[in-house]
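Enquirer: Please build the complete structure, drawing on both the sequences and the hints.
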Amino acid sequence: MTSALSIRQLAKTYGNGFQALKGIDLDVAEGDFFALLGPNGAGKSTTIGVLSTLVNKTGGSVSVFGHDLDRQSAQLKRCIGVVPQEFNFNQFEKTFDIVVTQAGYYGIPVKQAKERAERYLTQLGLWDKRDTPSRSLSGGMKRRLMIARALVHEPRLLILDEPTAGVDIELRRSMWTFLTELNRQGTTIILTTHYLEEAEQLCRHIGIIDRGTIVENTSMRQLLGKLNVETFLLDLRQDLQAPPVLNGYPCRLVDAHTLEVQVDKEAGITSLFGQLALQNIEVASLRNKTNRLEELFVALVERNLARIAL
Amino acid sequence: MSEFSANLVALQTIVYREIRRFMRIWPQTLLPPAITMVLYFVIFGNLIGRQIGGMGGFTYMQYIVPGLIMMSVITNSYGNVVSSFFGAKFQRSIEELMVSPVSPHTILIGYALGGVLRGLAVGLIVSLLSLFFTDLQVHHLGITVLVVLLTATIFSLLGFVNAVFARNFDDISIIPTFVLTPLTYLGGVFYSINLLPPIWQTLSLANPVLHMVNSFRYGILGVSDIRIGVAISFMLVAAVVLYVFCARLLVSGRGMRS
Numbered sequence: 001m002t003s004a005l006s007i008r009q010l011a012k013t014y015g016n017g018f019q020a021l022k023g024i025d026l027d028v029a030e031g032d033f034f035a036l037l038g039p040n041g042a043g044k045s046t047t048i049g050v051l052s053t054l055v056n057k058t059g060g061s062v063s064v065f066g067h068d069l070d071r072q073s074a075q076l077k078r079c080i081g082v083v084p085q086e087f088n089f090n091q092f093e094k095t096f097d098i099v100v101t102q103a104g105y106y107g108i109p110v111k112q113a114k115e116r117a118e119r120y121l122t123q124l125g126l127w128d129k130r131d132t133p134s135r136s137l138s139g140g141m142k143r144r145l146m147i148a149r150a151l152v153h154e155p156r157l158l159i160l161d162e163p164t165a166g167v168d169i170e171l172r173r174s175m176w177t178f179l180t181e182l183n184r185q186g187t188t189i190i191l192t193t194h195y196l197e198e199a200e201q202l203c204r205h206i207g208i209i210d211r212g213t214i215v216e217n218t219s220m221r222q223l224l225g226k227l228n229v230e231t232f233l234l235d236l237r238q239d240l241q242a243p244p245v246l247n248g249y250p251c252r253l254v255d256a257h258t259l260e261v262q263v264d265k266e267a268g269i270t271s272l273f274g275q276l277a278l279q280n281i282e283v284a285s286l287r288n289k290t291n292r293l294e295e296l297f298v299a300l301v302e303r304n305l306a307r308i309a310l
Numbered sequence: 001m002s003e004f005s006a007n008l009v010a011l012q013t014i015v016y017r018e019i020r021r022f023m024r025i026w027p028q029t030l031l032p033p034a035i036t037m038v039l040y041f042v043i044f045g046n047l048i049g050r051q052i053g054g055m056g057g058f059t060y061m062q063y064i065v066p067g068l069i070m071m072s073v074i075t076n077s078y079g080n081v082v083s084s085f086f087g088a089k090f091q092r093s094i095e096e097l098m099v100s101p102v103s104p105h106t107i108l109i110g111y112a113l114g115g116v117l118r119g120l121a122v123g124l125i126v127s128l129l130s131l132f133f134t135d136l137q138v139h140h141l142g143i144t145v146l147v148v149l150l151t152a153t154i155f156s157l158l159g160f161v162n163a164v165f166a167r168n169f170d171d172i173s174i175i176p177t178f179v180l181t182p183l184t185y186l187g188g189v190f191y192s193i194n195l196l197p198p199i200w201q202t203l204s205l206a207n208p209v210l211h212m213v214n215s216f217r218y219g220i221l222g223v224s225d226i227r228i229g230v231a232i233s234f235m236l237v238a239a240v241v242l243y244v245f246c247a248r249l250l251v252s253g254r255g256m257r258s
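Just so you know, the protein sequences line up as chains S and E, in that order. The UniProt record's numbering puts the first residue of the first sequence at 1, with every later residue one more than the last. The UniProt record's numbering puts the first residue of the second sequence at 1, with every later residue one more than the last.
No wet-lab data here; the hints were simulated from the structure. Since the model is a prediction, treat every value here as computed from it, not as a measurement. Treat the hints with caution; some may be incorrect.
Unchecked claim - Derived pair list, reagent style DSBU-like, types lysine-lysine, alpha-carbon separation capped at 35 Å:
{"#": "1", "chain 1": "S", "residue 1": "94", "chain 2": "E", "residue 2": "89"}
{"#": "2", "chain 1": "S", "residue 1": "129", "chain 2": "S", "residue 2": "94"}
{"#": "3", "chain 1": "S", "residue 1": "111", "chain 2": "S", "residue 2": "142"}
{"#": "4", "chain 1": "S", "residue 1": "114", "chain 2": "S", "residue 2": "94"}
{"#": "5", "chain 1": "S", "residue 1": "129", "chain 2": "S", "residue 2": "114"}
{"#": "6", "chain 1": "S", "residue 1": "129", "chain 2": "E", "residue 2": "89"}
{"#": "7", "chain 1": "S", "residue 1": "142", "chain 2": "S", "residue 2": "22"}
{"#": "8", "chain 1": "S", "residue 1": "142", "chain 2": "S", "residue 2": "94"}
{"#": "9", "chain 1": "S", "residue 1": "142", "chain 2": "S", "residue 2": "129"}
{"#": "10", "chain 1": "S", "residue 1": "111", "chain 2": "S", "residue 2": "129"}
{"#": "11", "chain 1": "E", "residue 1": "89", "chain 2": "S", "residue 2": "111"}
{"#": "12", "chain 1": "S", "residue 1": "111", "chain 2": "S", "residue 2": "94"}
{"#": "13", "chain 1": "S", "residue 1": "289", "chain 2": "S", "residue 2": "142"}
{"#": "14", "chain 1": "E", "residue 1": "89", "chain 2": "S", "residue 2": "142"}
{"#": "15", "chain 1": "S", "residue 1": "114", "chain 2": "E", "residue 2": "89"}
{"#": "16", "chain 1": "S", "residue 1": "265", "chain 2": "S", "residue 2": "289"}
{"#": "17", "chain 1": "S", "residue 1": "265", "chain 2": "E", "residue 2": "89"}
Expert: Listed below in structure tokens is the structure:
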């Protein structure tokens, strides 16, 4: 499969000596929906900054659809659409003008630019706000405006840096639907997010970056397969004074009617309910204590920290 | 589409966006210089000028009109680029351009043209307003056009340099207030340097604005305190040197890239 993005030994040391990227390697296949995760300050935004040419790398190489960042910068830029974390459009311009102007920067003639602006603003539910100055839009509308602006030149690779930060759940889900459809139509998408549920829902591959190094780069399925133990919270119909004895399921009482149980992947969950039924403990509902990916993410970052400490 | 065609569309986009910007805020960009210059015409040209009498073989009003037109071209060319480019940096909308494939030369020419066009628009408004106070006849059209274009270009590029180095809004007002305004007022807008003692005449020749104002005055009235050929050559060299310097700043990404 063609490589949409190929990063080799990418390094970035800022002027103050801070080493944000320590020679990372990363590949994203064409058509993939890729999650780039990491704690704050891990190097995600620096990586995206290098890809979008807003940050000058200090080492390594980057190519997008075979176009080298150093030698074919203009061709590389045509392949990429970037939705940054911070709002970075002219607050005094009208919504429509912002998108049409961006198309012009990519050499798209004004008639075609206006047609595309109408199409993307309509798809993102902003067409009735086309004459509104961007500063008057709500936070969610501003995020959607940045997506419309990033798509107007129809890039093959769309990079979204925390696109749903501060967006309400309804809008977040509509953006997920939009991005999934965009990916289905062939656009390769790289997403950074702090909502791990979002990454698990949308992405097929995942890279975890921590302290300037890639600590995991695999498929979502393989990564989740590494999760051996899941923690569940059981809401009970009656109050308990002490945790029950459950063979093969370590548990503790969170409060009188909430039981926290660790379930080994091998053991499964059927036997747990059998043992509870024998002790006349009725379960009203069951939920994961944390997102599955979150448990893995925390474990990987902690393991990396321990490795560095050694 | 070739890179050249794409950059041509991008250039049109930047220039159109710049025009849209200064037309949208016309009460801040086009109206103030018109009012200020009318006040200059009334107070200096009419009321005080009548007491002064003639200068350089012309009425005082006729003598100061070219200088005042030039003054408005200088301040508006400079002001347009410095505020537009620094505003784009401040709001981070400059990133829209930096992530796009537009060449640094296209960006620079686009911003400079925006400044030149606002300078010319204000210059035209001031010229038309001056017709209410005096006759304006052009002695040498070619020199007039060349000088006004070169001056607007030079000050647009200087505004660009100021915007690139500026870190806050104070930085974009310091140069116009403490450098540009004194140079303009001391640049022969209101007087001939022949009125000054010899030492001040010599020092005045080091003021680039004096050469621009006098070259423009020569184009309009046919009189000048300086040698036109030298002045125009100086302006051409200054425009080229500034362009190269600005292009290098853009390529380096100073103040725009980490």
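Enquirer: State for each hint whether it applies.
Expert: Evaluated hints:
no. : hint          : verdict
1   : S/94 x E/89   : holds, 18 Å
2   : S/129 x S/94  : holds, 9 Å
3   : S/111 x S/142 : holds, 24 Å
4   : S/114 x S/94  : holds, 13 Å
5   : S/129 x S/114 : holds, 15 Å
6   : S/129 x E/89  : holds, 25 Å
7   : S/142 x S/22  : holds, 34 Å
8   : S/142 x S/94  : holds, 12 Å
9   : S/142 x S/129 : holds, 11 Å
10  : S/111 x S/129 : holds, 20 Å
11  : E/89 x S/111  : holds, 28 Å
12  : S/111 x S/94  : holds, 17 Å
13  : S/289 x S/142 : holds, 33 Å
14  : E/89 x S/142  : holds, 19 Å
15  : S/114 x E/89  : holds, 26 Å
16  : S/265 x S/289 : holds, 15 Å
17  : S/265 x E/89  : violated, 53 Å
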